[in-house]
Structures are given as C-alpha cells and as structure tokens.
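Given chain S, work out where chain L should sit, using these hints.
Chain by chain, the residues run as shown.
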Amino acid sequence: MMITRKHLPRRTFLRGAGATLALPLLEGMIPAFTPIVKTAAKGIPRLGYIYSPNGMMMQNWTPTGEGATYEFSSTLSPLAPYRDRLTVLTGLNSEEANARPGEGVGDHSRGPGAFLTGVHIKKTEGKDLQAGVSADQLAARHLGGQTQLSSMQLALQSGDFAGACDFGYSCAYSDTVSWSDPYTPLPMENNPRAVFRRMFGVSDSTDPRVRAAQFDEDRSILDSVTQDVSALQKTLGARDRVKLTQYLEAVRDIELRIKVAEAQSSRGLPDVHQPPGIPATFEEHIGLMYDLLTLAFQIDLTRVFTFMIARELSLFVYPLSGVREAHHSLTHYQNDPVKIAKVSMINQYHMKMFATFLERLKNTPDGESNLLDNVMIVYGCGISDGDRHYHNNLPILLTGGGAGQIKGGRHLLYPDDKTPVANLHMTLLQKMSVPAEQLGDSTGTLQELSGI
Amino acid sequence: MKPTMLGVRRACFVAACIALGGAACWRLQAADSLVAPAPGSRAAVPASTAPAAMQTVSPASSAGADYRAVLDTYCVKCHNARLKTAGLELDQLDITHVGPHADKWEKVVQKLRARTMPPALNARPDESTYDRLAAWLEGALDTAAAASPNPGSPTLHRLNRVEYTNAIRDVLALDIDGSSLLPPDATANGFDNNGDVLSISPLLMEQYMMAAREISRLALGDPTYTPYVDTYRFSRDTWQVDRMSEDLPFGSRGGMAIHRYFSLDGEYGLKIRLARALNDRGIRGISRPERIQVRLDQELVKEFTVGRSFENEGKYDLYKPQGEAAVERRHLEESADDALTVTFPVKAGNHTVGVFFVENTLALYEGLGPPRFPVRSQANTNDDANQMQMESIQIGPVASGGTGNTDSRRQILACRPANAALEEPCAKTILSGLARRAYRRTPTDSEVATLMSFYRRAREAGDFEAGIASGLRRVLVSPQFIFRVEGDPVNVKPGVPYPLSNSELASRLSFFLWSSVPDPELLDAAERGRLRDPKGLEQQVRRMLRDGRSSELMRNFGGQWLLLRNVRYATPDPDRFPEFDDNLREALQRETELFLENVLRDDRPVTELLSANYTFMNERLARHYGIPNVYGTQYRRVTLRDDRRAGLLGMGAIQLVTSQATRTSPVLRGKWVLENILGTPPPAPPANVPPFPDGGDMTKLSVRERMEMHRKNPACASCHQMMDPLGFALENFDAVGKWRDLEEGKPIDASGQTPDGHAFNGPAELRQLVVARQEQFVAALTSKLMTYALGRGLEYYDAPAVRKIVRDAAPSQYRWSAIVLGIVRSLPFQQRMSSEATQQLAGGRLD
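Residue numbers (the working numbering), protein chains in the order written: chain S, 1 to 452; chain L, 1 to 847.
Just so you know, these hints were derived from the structure itself, not from any lab. Among the clues, some could well be false.
Under the rule of at most 25 Å between Cα atoms (straight-line distance), these lysine-lysine pairs were calculated in the DSS-like manner [as the list claims (entries may be wrong)]: (1) S:Lys123 x L:Lys493; (2) L:Lys104 x S:Lys123; (3) L:Lys493 x S:Lys234.
Computed from a prediction, not measured in an experiment: that's the story for all the values here.
Next up, chain S with everything else stripped away, as it sits in the complex:
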C-alpha cells in the first residue's frame, strides 16, 4: 500500500477556479500507507498511558468476579468487544499520593504527581517543583534513539487556567503526569495543530531533499546556540545556570532526534494536512487526538505517549453524556444517588470514547497483525473514590496484547492492599525491554500479566 493521491477522499478537494483547497485532517480521513516498522516474528510493543482525573465511581466501575470469568460493569460495558485484549486491575495503590502530616489538601496534585512516578511530590507553589522521573520518560530515554520522537504528551485541557489549583501546590502538578526528571514537568499539548506540527515539522514538503536541507540547518543552529550558552553561563548565578542547563539538554534531545530522522529519511511520509486548531466539541477533540496517536504509532514516529483527557480538578461539562454539571463538583457525591448516577454516566461516556480508539487500533495493520495486538495502553486514575480522594484500589485498565506479552481477558485483583501501581509500570517497562531497577515505591513486578 503506497501513499497515493487516490487515497485522499473526494471531499478533500474543493472545486474553485480549477485549483484545490485542502481540508484538514479533522474531516477524518487518514490515508493508508506502508507501515514503517519492519515486520518481525512478534510485533514491536508500544507503551501508552491515558490518565483520567477526579477518580471513578468505583461501585459502577468495578467488575464482578475475578480472573477469566469476570463480568463487565455498567461503566466498562462499552469495552466488551475488546475483552480478549483487556485486563482489568483492581487493588493497586499509590501510597505516595497520600498526604504527609501537616500537608492538608492536595490530592489532585499528589495523585497525578505520584501516578507514573511512585514518589511523593514536594508541596510548593513555585520555585522548587519536585517529583520523580515518570515511567513513560524512562521508556522514552531508553527507546528515544530508535524513533523520531522519544515520546508524546497530549491533553485536552490547556494549562492556561488562572488560579484554580490545590492550595499550596503549583498548578504544574495537576496539569501533567510526565516528568523527564524530578524537577522538570513536561507540558501536555492540547492543540492538535501543534501536535501535528511536532509529528511532521512545519514543512508540508515530504520532499527528501528539502527535509535534508532543513535538518542540516537545524543541526548547525543547535550547535551554534550551544556555544552561546557556554558564554552566557559564565555570567550567571548558580540557580540561573541550572535553567540554561535545561536548555542545553533540550537542545541535545533535538539533535538526537534529527539524527534518527535523517536515518529514516529514505522512507516517504504520508500526505496528510494538518488540523486547523482545537475542535469545538469534546468528542471531536478527543477523536482527533486518538487519531493522531494511532497515526504516530502506525508510522513509528514514537513508541511512548501519555494523554490526560482532562486536568485534575477539571470542571469540564460533558453534555453528550447526558449530564449538565461540571465533573469535579459531581465527584464529591457524598452518597447522593443522583450524583452517583451522573458520575457513572460520565465515566461510561469516556469509556465509549476510549472504545473508538481501541477500534481504530484494531483496524490498523501493524507488522503481521494490528496495533491493538502490539500496544500496551494503560487507562487509569491517580484517585479512586473522587469524594474521599482515596489513592488505593485505583481503577486501572490495561489494553492491548503487548506484542504477545500480555494475556488479556482477565480481572486481576490484588487483595493485600500493598501492591503499588508502580509495580505495573515496572512490568510494562520490562516488556518494553527498558532496564529499570526501581520506580518510586515499586517493590517488584506483576507476574500475572504475562502467562502465555
């Protein structure tokens, strides 16, 4: 299957004076093209984390029964068609998200801060953010040299929101789940146009000579700015020098990426056009992001992503779920059955959206099978009960076959209340062939996940 014009749909072209106006990716047509990944006996595993804020209504989320014979709950029912590529995990904890003595409120910051890092974040509003490196970034570091992008971080809500975060905690904590090191939270991009740009660069030329010339210039620029930084650092105080060191590391990251891109430059790129911006509705927006993630995996642009479907404390309203009120306010339900029902409707609606992503992955060829067989995508929350802000018994879904490494179709229950969710991350890192000794409060791996 080669990239050809004839795969672009009729609607893409506008007739007007004999010329064409290209409509954006939003109209939903991704052309088929050659999977870049060389086919291997087993596929290549990919890792993804989808994070949902404000907890889940556990009573309607938790499936009944255990093991291979469990029954879907009402919230999870939209995922029934993917049973054999789905593992439900309950009983995992994120202890480090609990408050230490004197810390007070802050679960919407500690929750995401600990979810992928397994560490207790530092309570601060500004200067000295501190968490730990997150699991996805450990993978990105190790795998980064093999793909053009070491990882992608997406979100649906912008961080640009004045004032409304946990008291005493910087908004940076509730806006992200990815940390490239203990001091650097990664921004989650919510504009599909910007994501697209990051994937393909500004040039809409797929001409290899043009791209080669651009890479050439980029490398010289990066080399040259590195020298500028060395000169500048001599004039700065220690604290400011740390900032510039961040800059240098960012520069190095891109230099590496260019190397990889150049190595892959013999392959053509799909002829797609970039989305115009942020869509008007939640459904369109999340659909577009799921499409871009599928595309990124399909052409092996990256093998690691994190995606926050909203920031913690999100007051998003989801009218198409049938519920009028804002999400976070409802999740403080205090045993009111009306609120319980409404939160469950929202949860189920999100599962419906997630199912469209799984369907996309299933229908996308990858190597000898399809993407759903090869991915390992976790869909979870750093908070279980949204009312009491519990951080134990987290609602976690693991989807995908992990290139033959994950046995699905089961509900795994961890009853001892002692298993950290970081153990799940360690297990997945192992399956991605990423060497890691420890992640935050991890104590080992989850052996049950394999078992083929």
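Here is chain L on its own, set in the frame of chain S:
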C-alpha cells in the same frame, strides 16, 4: 487521603486555624479621623518620646519599652518559647533590633494591620495602639532594611508565550497566533511570567525551532511554502442577529470580520458553510432568501443569494416518495452552501475579510423582547421560523504569486542590495538590526559574526533573502532572545546589591509595561544612560504608559489578577441560565477589559477600581444588567445611576468566575475579596474536610442557608466567618452576574456582619467598607503588581519597598502612574543581588 481517625492532630490544627483565621480584617475608622494612617506612614510617635529622628531606634528609647509592653500584654501568652505557637517566639525577639528577624516582624506587622491578631475572643488593644505599634514597627523595619538592603533576584526568566508573540510583532511587524505555535505556560503566585516555573523542555525547544521556521517564512514570504487553510468557526452559543463588529458595515447581520495576514500575493479562496439543524441536517432558515456579502477591506468581492421561499410546497419526508418540488427543496437543504465559494486576488499583507448576511429589514423588532430560550435550542429543528446562520468560514491559498510588499518585509529589509557587492554589507546591517531588537541590546561582534555565517551558507545555496531568513531563524532560537539574561558583573560579592545594566533595566521596563521588547526609542535612551537620570526614567515610563502597547499591562496583569482569563472557561448550566450566550460572555469580558484600560489610560486613582460609577457596555450587557436606553453592539461608556453596581465588585465577569455552574459561591467570592481587594488571603483548608452536601433537600434551601453548615462546625467557622459574609453581600448577583431580588421565590438576604461587629447589607455597603480601607487595597494591589513586574513572588524583604511605594503615591491620590513609577523606582526593580559567588572566567556580563 486514607481514611484516618481524626484525633489530636486535628484538634491542634483546629486551634491553629482559629488562631490564624481569627477575626475578620477591618473596621470603620474612628469617627475622629476620617482617613486611617496609610500603612507605613510615620504615625505620631507616643508623646513620651522626643519627636526628633524617628529613623533611629535606640535601646534606651522608651517607645521601644512601651511597645515591648504591648507585646507582653497581648501576644506573648501564646507566642513564646515554651508554646512556640505558629513558630513565633515573641518573648525571644528584641523589639529594638528588628533587623535580624525581619521576616518574623513583617508577619507581625501584617497581622496587626489586618487586625487578625490577637484572635477575636482574646483581649485586644484599642485602635490607636494597633496603628501606632504597626507604624512604629514598620518604621523600624524600614530603617533596618535601608541599612542592609536586599533587592532579591528573580530567576532567569524565559519569555512566556504572550511575550514571545508580542516580541515577534514588534521586531518583525508580524502577527502570529502564539497559542498554535507554543504550549501554554506554567503559573506561580498567580502569574504566568514567574521566572521560577518558566522551564524549558525538549518539547518547547522543538517548538521554538519550528516556530522560527514558520515565522521566517511568513515574515519574508516564501513562495515555496504553502500557507495553511484557516478555518474560522462560529461558536454555537452566539446569536448571529446583530452587527457583530465595528469592522462590518451597518446593515449587516451576523457573520465575522476576519483579520488575516496573507504572506504572499496570490489568489485566495473563501468558502462559507451554513449551520445545519440537528434533527435532519438540513440548512437552517433555507426557506427564506438571504443575501451574503464577502468584502475585502470594505470593498465588495461578491454577493450571494441563498435560500428561497417554499410556499405551497410540502416539506420533504424521508420515508415517503416525494414530488419533484420536495426533492428539490431537500437538495437545497443539503447543499445550498456548495455554491458559497469565491476566489479573489489579494496582495500580501494584513487584510480584513468581512463575511455577513445583509439585514433583511431595518425595522426594529417592536414588542418581541429578548429571546427567552437558549440560543442552542435554535439548532434543534429546521422549521420556517428559523433564521439562517453561518457555521464556519475557510480561507486558503489557491494559487500563489510572488512575495508582496508586506509590513514585515519592509521592517526586516532595512536595505535592499542593488548588486552582488552590496549584499554582504546589507545583510550585516539587517541582521545586526534584528539582533539588537531581539536581544534587547547592541549585539557583540562575535554574535554578529555568527549570524553572518548562517547568512553566507544559506546565501550560497539560495539567494539573498534565503540568507536573511536563515540568520533570522538563528536569532529566534538564541538564548539571548528566549531568555531575559541578567548577568552578574565581574567579581560581584554575594549579598551585595548591584544596579542592573542599562539594557537590563530597559528590558524590565518594557516587559512590565508592554509585555514585549523595548522599542528603538527606549533602547536608545537606555544606551545613552537616560534611564539612570530620574527625569529621564520618568519621561520614558510616562511615554510607555501613553503608548497603545500598555493595554497589554491590563490584559495580562488584570486578566490574571482578577481571574478574567477564566471567563471563557465558565460553563453556566443552560437550564438555569438559558439567557447566557457567548454574546453575553464576550460583553462581560469586554466590559472589565475596557474598564481596566480606561482607568490606566486616564491615569485615575487605583481606588477608582472599587468606586467607579461608570462602566462600558453594549446593548446585550445593558439588557443583562437592566439598564435602559443602550442600543447597538458597540461598547460605550455608561454612567451608572444606582449604587448597586460600581467598580469591580459590580461587574458580571467577576461574579461569573466566582460561581459554580449551577449557583453562586459565597465562599469563592469571599475568598476573592480577601485575596485581591484586602490582601489577606484565608489560610489553607485543613486536611480531611468533609464534602459539602449539595444535593437532594439542599436544593430547596437558598445558597446562604446551605452555607450555615459552615457556621455550625467551629472548625469550619473560624475561617469561613471571614469569607462567607463577604460573599453573602454579593448574593444579589446571580451566578452569571444578573441582579436578583429573589432566590427560589424567597427574598435575598445580603446582610452580614464582620466578627467584630460591623454590619453591612448588600454590595453598596460592602463597597463602602472596603473603600474606607483604601490603603489596604492599594497595598494589596501594589504587591500583586510588583509580583507581576518582577516575575517572582514577594518576600519579607520586599515589604519596605511596597510601603514606600504606597506612601509616595498618597499625595497624588494613588494614581496608576504613581504606583507604576513607584515600582519602577523601587530597590527590587532597579537592583539585584547574587546569592553565591559567580565564577568569573572572562568578561562578566554583556552590557
């Protein structure tokens, strides 16, 4: 949080909360002095001390002994070495030597000025003693600070998205959409220009690189680069019934005025899509003919006619065989807008494209009144009463001509080489000029040489302009552009303040007042040393405030300080507030924006923010507020005739962002007043706060009655009795800012009482109370503005500077220019201090 037993820990916290929260924070002034002494002013020294030399505090001073006695009487009971309440051991601190523990003494002053200590039920000094003790301590602290000044040091500040966008606009005369090129910025202390959290990640660095490429193409116009199709969508919550913009002609209805930058000459295409009904996907209002015009810079490009009457022809039924007429109607309903496309030539540069319906009748709609149903409900069906609306407009290139003569090209290409020999000198002129504006100082020879090397490589592979574009890309990614570098001079000692360099000062000024780079006039003045001269500095500041770019100050400072940026994220429940549409949302935001700009531009006293009896509105907003005789969509200044709304407390935007989706929130409103108007933010909520019961039977109670829950529990009451009453005073403004006298059929009770007994009823009386403490407001505002100006949170050692600014601004009634000048002249703005020795290998900083 794990479910734990609430035990000793909570009880201790409760006690601390009561102690910290304490009484609410102001009183009316004593009748015999109408104006309280401003914080920081030198109040009358107790009669027992000689009136001379208030600057020195000698151990033998009997004033010191008097005030020591006050502390011993009222404070040391709890704040002593044994109990260590709040970590403050006042019995161990020497009141005559405040310098060594200035941080603790500043906290004491804060509590005294706000009257939050001693707690309400304890013995408290009288008003006069409060003021005298606070003033005396302030004097002592100011003296100590003068002896060992500490200007602090902001962390290396990376340009945030707004600053980057504005810098591109000023350096290259190019308007870009920053939010599509760069990610949003982190915030700290309430502002997104805080150096500590503006970090740089590989993602951001990549985006800088890609933005540099895009910008260089747009600015110079690259014929090989196809610009994107832009889609402009209409919000579904906007009524398209009136003239929508000053850039559209009278007699237009709905539509949009699009300001777009065309980077190349060429043929451009425009396509209009009309709004469909949700039930059958047919174009709404198709059964009435409408005229649509497309205008380029007011000149008519094309007029379309779309839709027609379908009298006596039945509606199309999807499930029955139909006659030809019905089929034709259905076809029109599905695809009438296929014809709404036009191609026209455009010269490169900025243009306004207007697309709108021509108003069918000029007769006023008498007697119909405002719509009583939500705008979105119009979208549900497609009956004949529906009015045609637009859904989106796309503009994109069809065939590109050459690079035209845009503003950006004129700005960048300061010279155009007539022959090959002139190319290098010209390139050098252009690139040094760009570097000077972008780096905010004259570039060094080595910096220029670097840019020239990029020019040469690209020139060789391409042409002159390709070379310039490459040099420009290098500039836009440089650390000297992206960071506001403030370097330490050679061999600076840690702990010794030093003045900023001329160019560093110029940068601080322009980023403070314009959120952008200095303009050539400011750079020149800086380089000639004019900013060192007090008159020269004042001249520049006043010029900058008069300049149109100062509207950025109000937009960025005001937008974040007053949470105005959240107006566009508010989601009032459409069932309860069916009249809330995006026309209103925009009007609410514009009102406050225009008001803030006006107060700055007319150099009004800052206190007018609270007391102004005028505001800015259009017809939609006037209808919402119940103000008669305001017609049309344009904004104009209106004098308010009753005192229900005045100043910020009466503005719908503020009321909207301090509410929930379905009801008001007195807690959020009270907190907003405490934080932003009085400068006394409430303490953090304690751990294990039980959730607020808000469903079921609660909905029958008024919001105020529901808040009674806070009073019943003493652990809650201690803080909530500070916040809730302030919010109750504003209960007449509902969750979308409309005045109401009833809630669920019962009259609103907007009365409250501060814990120390001052009663108020309604917003007007609350406002009077707040205005009477104007110095407190001015100090709160100054602190916030200073946080914004410095790009760092304020620390205890900044308090003397804030006091001085407020003091110095008093003679001019606290006009904006006085506050701004005060900040610009202050120690933290003019100087820096290094906290550890800087390694100097060569050269020191670049000036």
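Comparing the hints with the structure gives:
1. S:Lys123 x L:Lys493: Violated. S:Lys123 to L:Lys493 sits at ~32 Å, over the 25 Å cutoff.
2. L:Lys104 x S:Lys123: holds, 22 Å
3. L:Lys493 x S:Lys234: holds, 15 Å
Going down the numbered hints, you'll see the structure goes against just number 1.
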